[in-house]
Amino acid sequence: AQSVTQLDSHVSVSEGTPVLLRCNYSSSYSPSLFWYVQHPNKGLQLLLKYTSAATLVKGINGFEAEFKKSETSFHLTKPSAHMSDAAEYFCVVSEPNKIIFGKGTRLHILP
Amino acid sequence: NAGVMQNPRHLVRRRGQEARLRCSPVKGHSHVYWYRQLPEEGLKFMVYLQKENIIDESGMPKERFSAEFPKEGPSILRIQQVVRGDSAAYFCASSPPVMYNTEAFFGQGTRLTVV
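Which chain is which? The protein sequence lines are A and B, in order. Last residue of the first sequence: 111 (the numbering used here), numbering continuous. Last residue of the second sequence: 226 (the numbering used here), numbering continuous.
The shape of chain B in the complex, shown without the other chains:
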């Protein structure tokens, strides 16, 4: 029973390129969360998705960032025209349908470095 799988684990992009981060939730989980961890800081909520729906994107930057969780396949966090300030660790978590009294299961994270 695989846990949350994120890939790639490490991603290097030049300024102006696009970054695509993938998250495959635990089998049977239909809820996905994305978090960003800047160096020396805690985890900050970005977006909460269910299959084919964005439920809460209050933590997403207004520009360049987008997320999706299609009916088939992994959730994707997409960052267009990356800048140095996007360098961070991005964590994905998944949970079963009732997100209450249940913990979220986290992936190992993708460490994005913008050069």
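Pulled out of the complex, with its shape left as it was, chain A reads as follows:
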């Protein structure tokens, strides 16, 4: 069965330090993968997407993610965290006729 696993429900990093949000997936198809961000009391915004082109995908606000088929992973990274990055992040798999969400990782930025 297809699934998305976000390995950490909460991640805390200090401002200016790197961010790593982990995501593993299983899919019967060659999936499309996405990361969305949700700021408090806001809707969802697309950060980046992988659709079988380059395996390293660059997104908005300095985020990027690398698709690793052998590890079935699509981890989200950012070299230097900013206070405005504090939000909830969702890893998403897109298959024909369905979008599957991970449970989310809440990112906390420490001053």
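One should not assume that every hint holds.
What the hints assert, rightly or not - Which residues of chain B face chain A? A few of them, derived with a C-beta cut under 8 Å, are:
id : residue
1  : Tyr-144
2  : Gly-153
3  : Leu-154
4  : Tyr-159
5  : Asp-167
6  : Pro-172
7  : Phe-176
8  : Glu-183
9  : Phe-202
10 : Ala-215
11 : Gln-219
12 : Gly-220
What the hints assert, rightly or not - Chain B is nowhere near these chain A residues, computed Cβ spacing over 12 Å in every case:
id : residue
13 : Val-19
14 : Arg-22
15 : Asp-85
16 : Glu-88
17 : His-108
It should be emphasised that the hints constitute simulated quantities derived from the structure, not laboratory data. Keep in mind it's a predicted model, so treat the numbers as computed, not measured. Don't be surprised by glycine CBs; every beta carbon is placed ideally from N, CA and C.
Start from chain A and add chain B according to the hints.
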């Protein structure tokens, strides 16, 4: 080019009342998804609709919940006889006809509070 529009943004209902949540997809999108987000939880799939058809309702509660996407007008998620446990944020997403290798566009959500 407007995005997905959901209304109302906030809805308060007393227990036993009906809640109607509306979703107008991006112009030209014929596929609509509804998701529910309970407090402190992630997004859970509820139902996937195309115009006039329910394609997948495997995430819908068996009772009190229904959804439609008529030929004209917005998609409606209807909750009858609401209970406190229905309090959540409900998000709608739309996509073009080929739901693969395309992202879904999300609305801002409707926050339902049952008192």
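Hints and how they fare:
no.: 1; hint: Tyr-144; in the structure: 6 Å, holds
no.: 2; hint: Gly-153; in the structure: 4 Å, holds
no.: 3; hint: Leu-154; in the structure: 5 Å, holds
no.: 4; hint: Tyr-159; in the structure: 7 Å, holds
no.: 5; hint: Asp-167; in the structure: 7 Å, holds
no.: 6; hint: Pro-172; in the structure: 18 Å, violated
no.: 7; hint: Phe-176; in the structure: 19 Å, violated
no.: 8; hint: Glu-183; in the structure: 23 Å, violated
no.: 9; hint: Phe-202; in the structure: 7 Å, holds
no.: 10; hint: Ala-215; in the structure: 6 Å, holds
no.: 11; hint: Gln-219; in the structure: 4 Å, holds
no.: 12; hint: Gly-220; in the structure: 5 Å, holds
no.: 13; hint: Val-19; in the structure: 19 Å, holds
no.: 14; hint: Arg-22; in the structure: 15 Å, holds
no.: 15; hint: Asp-85; in the structure: 18 Å, holds
no.: 16; hint: Glu-88; in the structure: 8 Å, violated
no.: 17; hint: His-108; in the structure: 14 Å, holds
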